[in-house]
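Trainee: Here is what each chain is made of, one letter per residue.
There are 10 protein chains.
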Amino acid sequence: MTYNPALRERAANDVDGQRIAKGYSWQQLAEHLGKPPVWTVAALLGSHPMTAEDAERIGALLDLAPETVRALQRQPYRTADAAIATDPTVYRFHELLAVYGPAFKALIHEEFGDGIMSAINCNVSIARRAHPGGDRVVVTIDGKFLPYEWNAAE
Amino acid sequence: MTYNPALRERAANDVDGQRIAKGYSWQQLAEHLGKPPVWTVAALLGSHPMTAEDAERIGALLDLAPETVRALQRQPYRTADAAIATDPTVYRFHELLAVYGPAFKALIHEEFGDGIMSAINCNVSIARRAHPGGDRVVVTIDGKFLPYEWNAAE
Amino acid sequence: MTYNPALRERAANDVDGQRIAKGYSWQQLAEHLGKPPVWTVAALLGSHPMTAEDAERIGALLDLAPETVRALQRQPYRTADAAIATDPTVYRFHELLAVYGPAFKALIHEEFGDGIMSAINCNVSIARRAHPGGDRVVVTIDGKFLPYEWNAAE
Amino acid sequence: MTYNPALRERAANDVDGQRIAKGYSWQQLAEHLGKPPVWTVAALLGSHPMTAEDAERIGALLDLAPETVRALQRQPYRTADAAIATDPTVYRFHELLAVYGPAFKALIHEEFGDGIMSAINCNVSIARRAHPGGDRVVVTIDGKFLPYEWNAAE
Amino acid sequence: MTYNPALRERAANDVDGQRIAKGYSWQQLAEHLGKPPVWTVAALLGSHPMTAEDAERIGALLDLAPETVRALQRQPYRTADAAIATDPTVYRFHELLAVYGPAFKALIHEEFGDGIMSAINCNVSIARRAHPGGDRVVVTIDGKFLPYEWNAAE
Amino acid sequence: MTYNPALRERAANDVDGQRIAKGYSWQQLAEHLGKPPVWTVAALLGSHPMTAEDAERIGALLDLAPETVRALQRQPYRTADAAIATDPTVYRFHELLAVYGPAFKALIHEEFGDGIMSAINCNVSIARRAHPGGDRVVVTIDGKFLPYEWNAAE
Amino acid sequence: MTYNPALRERAANDVDGQRIAKGYSWQQLAEHLGKPPVWTVAALLGSHPMTAEDAERIGALLDLAPETVRALQRQPYRTADAAIATDPTVYRFHELLAVYGPAFKALIHEEFGDGIMSAINCNVSIARRAHPGGDRVVVTIDGKFLPYEWNAAE
Amino acid sequence: MTYNPALRERAANDVDGQRIAKGYSWQQLAEHLGKPPVWTVAALLGSHPMTAEDAERIGALLDLAPETVRALQRQPYRTADAAIATDPTVYRFHELLAVYGPAFKALIHEEFGDGIMSAINCNVSIARRAHPGGDRVVVTIDGKFLPYEWNAAE
Amino acid sequence: MTYNPALRERAANDVDGQRIAKGYSWQQLAEHLGKPPVWTVAALLGSHPMTAEDAERIGALLDLAPETVRALQRQPYRTADAAIATDPTVYRFHELLAVYGPAFKALIHEEFGDGIMSAINCNVSIARRAHPGGDRVVVTIDGKFLPYEWNAAE
Amino acid sequence: MTYNPALRERAANDVDGQRIAKGYSWQQLAEHLGKPPVWTVAALLGSHPMTAEDAERIGALLDLAPETVRALQRQPYRTADAAIATDPTVYRFHELLAVYGPAFKALIHEEFGDGIMSAINCNVSIARRAHPGGDRVVVTIDGKFLPYEWNAAE
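Residue numbers (numbering that gives the first Met the number 0), protein chains in the order written: chain P, 0 to 153; chain Y, 0 to 153; chain W, 0 to 153; chain G, 0 to 153; chain U, 0 to 153; chain V, 0 to 153; chain B, 0 to 153; chain C, 0 to 153; chain F, 0 to 153; chain Z, 0 to 153.
Calculated from the structure, these hints are not laboratory results.
Certain hints may be false.
[To be verified] Covered stretches of chain W (in silico footprint by chain V; criterion: 3 or more residues with CB under 8 Å from a CB of chain V, positions within the stretch not fixed):
#, segment
1, 13-24
2, 119-125
3, 144-153
[What the hints assert, rightly or not] The calculated lysine-lysine pairs, modelled on DSBU-like cross-linking and capped at a C-alpha distance of 35 Å, are:
#, chain 1, residue 1, chain 2, residue 2
4, W, K34, P, K21
5, P, K21, P, K34
6, P, K21, F, K34
7, G, K21, Y, K21
8, W, K34, U, K21
9, Z, K21, Y, K21
10, U, K21, U, K34
11, V, K34, G, K34
12, B, K21, U, K34
13, Z, K21, C, K21
14, W, K34, P, K34
15, B, K21, U, K21
16, C, K21, V, K34
17, F, K21, B, K21
18, G, K34, G, K21
19, F, K21, P, K21
20, V, K21, V, K34
21, B, K21, B, K34
22, Z, K21, Y, K34
23, G, K34, V, K21
24, B, K34, F, K21
25, C, K34, V, K34
26, C, K21, C, K34
27, W, K34, W, K21
28, F, K34, F, K21
29, C, K21, Z, K34
30, Y, K34, Y, K21
31, Z, K21, Z, K34
32, W, K21, U, K21
33, G, K34, Y, K34
The structure presented is a predicted model; accordingly, all values stated were derived computationally and were not measured.
Backbone N, C-alpha and C define an ideal beta-carbon position, used for all residues, glycine too.
With the hints as constraints, model all of the structure from the sequences given.
Mentor: In C-alpha cells form, the structure reads like this:
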C-alpha cells in the first residue's frame, strides 16, 4: 500500500525545482514560515505534514501547483530509504551510529535508567561552528527521555 | 576475514562483567581515564583502540585478564551490526536519520557547499537536560566539514 | 505476477483523495457503511474485497471513478510491504512483536496448547482511552485459537 | 558489538529448562513475582532487565545458577530476530500488521493527530475469551499516544 | 533483462479484467479450453505458454486485445515473486514447506533413493472436500521421481 | 531470543544418528508410534512437540539420551530456514509455489470465497505411485478452509 | 546510475517482438550474422555491444526502429538480475554451481594452479545430443585459465 | 533444521586434511574409486552421498575417522552458499549465467520446446585444452532435456 | 525521498545520447572543460554537481536540453547501486576490495595510525600502460589520510 | 560447503597475535619474505596461498603453530565479507566505487574497448605521499586489460 508516498515525492520535486528557479535558500523558506530550518526542509521534502496555512504561504512564495500545496498537507509515510542512506553526506551519520550506538545505549541507560530517547518528542538542529582547523558541522538532537513504563496505563 | 572482532568482543564482555561486579559506572571509568564518556565506552566496547597506558590503567582498576588488556589495544574493525540497530534505544537514532537525513544533506550543502561532515574528525557527547515535561537526552555531534576537493592533492 | 496490486493501489489513491477533498473522516466512511472502522479503512486501502453494494455506496458518497468502484471489489493480494513497516507509526507495532513475540508464543501455548491465534478469523479495533498522563491508544486483537490438528480431516 | 545477548540467551535457557523440570507454568512464575504475565515472560526470556530482588526471588524458586540471576539483571539488547518472526504463532501477528498497518496509521492520525502509539510507555496483555465457535485469544495493547512535538524542548 | 515479463503481466491484467466484466469463472475458462483448472489459470496469469489455438479461443471468448492473444503464446519467465509469497492465501503453502520440507526430503530419499520430485513433469490439482467440521481444500501434487543419475548420459 | 531451537536441533541429530546406527527407517519409526509418517518425521526433526509417551517410546527404541527425550517434548520454534529451501529436493516445492501460487489463490477464492487453506488444521502425506514412465511422488495437502470472518467473535 | 539499461531493454523487446512477428528463429538470426548462436542471442538481448554493421544488418532483416539499431551498439551494463535467476530453465544452472562449485574450484586449482577460468576470454555453446533415454542439452564453456599473477606487470 | 550439514562439513575437512597430509591429488582419489573427478570431489566435499563401499575404500586410503566414513554416506543437504559464490574462481561461472542465462533460455526453448535441462539427470566434467594463447578450462554440462509435461502422470 | 536522482539520471541519458550522436569521446569532453577525465565523466553521469559555467559549456557543445543543463548543477545523491556493482567491468574492483581490503586496512593503520583515507579529499585517475604481455589499466587513488581525531574540535 | 575458511581464519589470528607479541610490523614481514607488502598481508590474512618455503620462513620468524604453517599453504576461499565492508577504513574504497564506478567503466571501454581490467593478473600497492595539507594515501591498482574475446579459443 504505497498510495501516498508518490504524492509527497512529486510535491518535493515541485518545491525544490521552484526554490532553485526563484533563487531561495532553504534557510529563507524557513524564515518565511518562522519555523526551524531542519523541520522546514524535512516537511517540504515530505517527512512532516504542514498546516494549510504554512502550505499555502510557501505555495504563494514559490508559485507551487495547487496539487503540491494539497500534498504538503497530507499525512506522510516516513519510510526509511536504503538508497539514500548510502549517499556520503547521509552515510557518515549512519556510520557514527555503528561506531557509537552501543555507547549511546550504555550511557543513556546509566544516566536515565531503562528507556529511550524519543524520536517523536524531539527536535534537531544544525549549526556552523567556526574553527581554525576548518569549520565544523554541529548537529544537536534533543529528545525527551522515555522510561519503559509498564504501569503507566493504570 | 573476521579474524579480530571476536577478540574485541570477548574483551568487551570481560570489561562489562567486571565493571558490574565491582560496581563502577561507565562515567567513573571515563573519569578514571580522564577521557570523554562516549569515547571511553566506545573504546571499551570495541570501537576504538586504546593506548597501552589507558588499557593497563583500566585493567588494573577492573582486574581484567591480560588477554583483555592486550585486546583493548588492538586496532578494531568498526563493523555495522544490523541486529544492534534494531534495539529500541539505538533504533530511534536510525529513525531520526530516515526522517531528517535529506534535510541534513540539503542544509549542509547549502551552508558549507558540496561535502560531508567528517565522522572521523568528529566527537560526540550525551548530556541530560532537566525539563519540566520530563528530562531530555541531548546528543551533540561535532564534526569537521570536508569539502569535495579533487584538486587538494596537487 | 503483480497484475492486480496496481489496481487496488490506484483505487486507494482515488478514495483517499476524494475523502480529503470532500471532507470526510475515515470514521464517517465506516459509519456510512455500518462497518467497523479498522475493517473499513483496511478495505478501502486495498486489504479486503468489498461487496458490490458497499463499493457502490462508498462510490456514490465520494464520487469515485467507476474503475475505482470495480477495483474495490477485486480480491486483493495482501502483500507485506517492507517500506511501510519502517513508518514510525507502523514500526512501533513491529517493535512490540520483537520485544513480546516470544512471550506471546509461550503464553498462548501454555494457555491453549500447541497452535496459533488465527489472523483470518480475527478482528481488530482501535480505541482512545483518556488518561491523566496523556491519552492512550488501545488496540485489541481478538482471534480464534487454532490448535495444530493433524487428525481433523478424518 | 553483540557482547551481551549471549548472556541473556543462556539465562533464558536456564530459566526455561528449570521451569519445565520443576513443573512451573509461566503464569505461576508471574504470580510468584506479582507481575503481569507478558512482562514476566518477556523479562525471563531476555527482553527486560529485572530488579535484583525479582531476579533472586525467581532464582530461588527455580534453583537458577548465580550467573543466570546476574544475567537477568543485565540491561538487554532487544533486537529483532528475523527467524523467530517466521514461527507460525508469532508470524500471524506480523501478518496482521501487513494487513491492518495502514489502517492503524490512518485511524491513529485521524483520532489523535500526527504521532505514534508509544511502544515504551505501553503494556500488553493476553486473555482467553470463551466462545461457542472456539475460544479466542484476545491481545490488548495499551500505549500512550505521543504527538510529534518539535517545540516540546523549549 | 526483464524484457518479456511486462508483456505477460499486461496480458494477465487484460484476461482478468475481461473475465470479471463478462462474468466467467476461472473454472469455466478451463472447461472452455478442456484443460485442467490449475494449468489454465497459471497459463492465463503468465506461468505457461499457450498454443495459438488455445490463446485464440480464450481471446474470442473474452474479447481480448490481439496483443494479449499474442502475449499468451510467449515463452514466459516463471520468476519467483517475494511479494506474492507474503499474501496470506499463498503464504500458508510456504509455511507448510518450512514445517514439513525436511520431512518431505527424508521420506522421498527413503522411499525412492537420492533424487527429487520433478516440478516439470508434474501436475497439480485443487479440490473441495466436504467435511462436517468445515469444508477442506485438498491440493494434490503429482510429480515424477528423478534419481540423481550421473551416468545416464552414457 | 533463539533459546530453544538449538535443543531441538541436537535432539534431531541424536535421533537421526541412532536411527541410522540401529538400522530403522523413518517409516518404521512412524509405525512404531502408530502415527502418520510425515507427522512423525517432522516431529522427530523438530517441527512438532511430542507427548511424553511418544517421546519415551521412541527414546527406548533408539536408545536416545534423556536430554533428547525431554527436548522432543519441548514446544518448538518452527522457523523458516532459507538455506534448507535451496536443497534441490526441497526447492522443487518452492518452485511449484512460484509457478502455481497465483493459480492456487484464484481457484481457492473462486471456490470457497475470501480466505485461506489452514496450515494448522491440516495434514500432509506422501505416497509412491507406480507409473510406466517412472514412479511418481504424490503429495497430498488437506487443510480446512478458513474464511475471513471479521464478525466471528461476536 | 541506471541510465542505459532501459535503452538496451527496450531494444531487446523490439528485437524479440519483430523476430516473432516475422517468424525468424534465433538460430536464423545467428546464421544471418554469421555469428555463434549464444553470442548472437546474448547480444540481441542486451549483454554484448554489436558493431554498427551487425546492428544494421539485423535491423534491416527485422525492420527494427532506428533507436533500436543504435541501442544495440551501446556498451551495455551486464548486470545480474536476481529475478531471472529464479526462472526454472535458468535456475538449474545456478543449482549446478551450488552443487559442483567447490569441486570446480578444487579441480581447477589442482590442474592449473591458483587462478580462475576467464569469463571474458571465454565462449559458450549449446548443442542437442540425441539419446535413447531422452535427448540432452550439452553446454560447453571454454575459457582461458588465468593464473594469479602479481608480478605480471613488471 | 540444519541438523546434518555440520556432519558433512566436518567430514569434508577430514578428507581434505588427510588428502593433503598423505599427498594425494583429487584426481588420484577419483581414479582410486573409478569415478569421474567432478562427481568424486563433489561427493567428498559433501554434495553427494557415497555408497558404503566407496566411503570405506576412501577411508582406508586416507585413514579417515570412522565418523567421517559414516558421514560420507549420509544423504546431504545440497544448500546454496552465498559466501562461496563470491570466491573469484566460483564467481566467474555465476557471472557467465548473468551474461548468458537469457540466451541459454531462449535457445533451449527454441530447440527443445518449453522445458529445462535437468540438473539431476546430468553430469559435469572439466578438461584442460592446450592453446597457444594460454591453456583453457573446458567445462561440459550434459543434462537431459525435460519438457513441461502436465499430462505425463496419466 | 528519491526526489532528485531521476533528474540526474535523465540528464545523464541526454548527455550520453548526444555525446554518441555528435561523436565526442569522454576524453574530449574532459578536455573541452579542462577537467580531469574521471571527474568529468562522474559529474556528467550524475555523481558531482557542475558549476553553471561548466554545465552551460557542455550544454552548448552537445546541444543539451535546458533541463539537462540545470540538472547537471543540482546537488546529487551519490547512492550506491547494487545492480551496477554486478557489471563485470565494475565488479572486478569490488572483488579487489574483498581480496585486499583487510590488507589495505592493516597497512594504512600501520603507516599512518588509526584513521582512514578520505574519499572526499581524494582524486582518482585512470591511465593506460603499454606492456608486452598486454596493455594494462592503471588506476590511482590519491586521498588524504584522516586520523581519528576526537579532540580536534577543541 | 565452508570447509576451509575456518582454517585460514585461525591461521590469520595466530599470525597477527604472534606478530604483535614479537613486535614485528607487517612491513617487516614483507621484507623478510622479499615480497610486496599488500601481497604479503593479504596472504597472511588468508587471501592467497603461500609456498611451503614462505610459510615456513614466516613460521620460524613468528614461532607459529605447525597447523598455522600448513594452513597458510591451503588454497583459500576468497569470499566477500559484508561486515568487513562496513569498517570505515575499508568502506571509503567501496564508496569511491559507488561514486566513480560508472566513470571507470566508461573510460576503460573508451580507451581499451569492450572488456575489463583483470583482478587476477593485477597487483596493488599502497604508498605514503607527503603533502603540506596532510599526508596522503596513494593506492595504485595495475591490472591487465582483458578484451571480451569470444573467438580466442579457436
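Trainee: Hints first: check each against the structure and report whether it holds.
Mentor: Against the structure, the hints:
1. With a cut-off of 8 Å between beta carbons, the segment 13-24 of chain W has 0 residues touching chain V; three or more are needed, and the interface restraint is violated.
2. Counting residues of the segment 119-125 of chain W whose beta-carbon sits less than 8 Å from any beta-carbon of chain V gives 4, enough to reach three: the coverage restraint holds.
3. A stretch counts as covered by a chain when three or more of its residues have a beta carbon under 8 Å from one of that chain; for the segment 144-153 of chain W and chain V the count is 8, and the coverage holds.
4. At roughly 49 Å between alpha-carbon atoms, W/K34 and P/K21 are farther apart than 35 Å, so this suggested pair is violated.
5. Annotation: proposed proximity of P/K21 to P/K34 holds, straight-line Cα distance about 20 Å (limit 35 Å).
6. Of the pairs offered as hints, the one joining P/K21 and F/K34 holds, with about 30 Å between alpha carbons and a cut-off of 35 Å not exceeded.
7. Taking the CA atoms of G/K21 and Y/K21, the gap is near 33 Å; set against the 35 Å cutoff, the hint holds.
8. Note on W/K34 and U/K21: the hinted pairing holds, with a Cα-Cα distance of about 30 Å set against a maximum of 35 Å.
9. With a C-alpha separation of about 33 Å, the suggested pairing of Z/K21 with Y/K21 holds against the 35 Å cut-off.
10. Using a Cα cut-off of 35 Å, the hinted pair U/K21 and U/K34 holds, with the two alpha carbons roughly 20 Å apart.
11. Simply put, V/K34 and G/K34 have alpha-carbon atoms about 41 Å apart, too far for the 35 Å limit, and the pair is violated.
12. The straight-line distance between the Cα atoms of B/K21 and U/K34 is roughly 30 Å, inside the 35 Å bound, and the hint therefore holds.
13. Proposed proximity of Z/K21 and C/K21 is supported: the alpha carbons are some 33 Å apart, at most 35 Å.
14. For the given pair, W/K34 sits about 41 Å from P/K34 by alpha-carbon distance, which is inconsistent with the 35 Å threshold.
15. Restraint check: the Cα-Cα separation between B/K21 and U/K21 comes to about 33 Å, which is no more than 35 Å; the hinted pair holds.
16. For the proposed pair C/K21 and V/K34, the alpha carbon gap of about 49 Å is over 35 Å, so the pair is violated.
17. The straight-line distance between the Cα atoms of F/K21 and B/K21 is roughly 33 Å, inside the 35 Å bound, and the hint therefore holds.
18. Straight-line distance between C-alpha atoms of G/K34 and G/K21 comes to about 20 Å, which keeps the hinted pair within the 35 Å bound.
19. For the hint linking F/K21 to P/K21, the alpha-carbon distance of about 33 Å falls within 35 Å, and the restraint holds.
20. Distance restraint check for V/K21 and V/K34: the Cα-Cα separation of roughly 20 Å lies within the 35 Å cut-off, and the hinted pair is therefore satisfied.
21. For the proposed pair B/K21 and B/K34, the alpha carbon gap of about 20 Å is at most 35 Å, so the pair holds.
22. At most 35 Å may separate the alpha-carbon atoms for a hinted pair to count; Z/K21 and Y/K34 meet this at roughly 30 Å.
23. In summary, the hint linking G/K34 to V/K21 is not supported, as the alpha carbons are separated by about 49 Å, beyond the 35 Å threshold.
24. The hinted pair formed by B/K34 and F/K21 meets the criterion: a straight-line CA distance of about 30 Å does not exceed 35 Å.
25. Of the pairs offered as hints, the one joining C/K34 and V/K34 is violated, with about 41 Å between alpha carbons and a cut-off of 35 Å exceeded.
26. Restraint check for C/K21 and C/K34: satisfied, since their Cα atoms lie roughly 20 Å apart, inside the 35 Å limit.
27. For the suggested pair W/K34 and W/K21, the alpha carbons sit about 20 Å apart, so the restraint of at most 35 Å is met.
28. A distance of roughly 20 Å separates the Cα atoms of F/K34 and F/K21; the hinted pair therefore holds under the 35 Å criterion.
29. With a C-alpha separation of about 30 Å, the suggested pair C/K21 and Z/K34 falls inside the 35 Å cut-off, and the hint holds.
30. Distance hint between Y/K34 and Y/K21 is fulfilled; the C-alpha atoms sit about 20 Å from each other, no more than 35 Å.
31. Between the alpha carbons of Z/K21 and Z/K34 the distance comes to roughly 20 Å, so the proposed pair stays at or under 35 Å and holds.
32. Taking the CA atoms of W/K21 and U/K21, the gap is about 33 Å. The hint holds against a cut of 35 Å.
33. Of the supplied pair hints, the one linking G/K34 and Y/K34 is violated, its CA atoms being roughly 41 Å apart against a limit of 35 Å.
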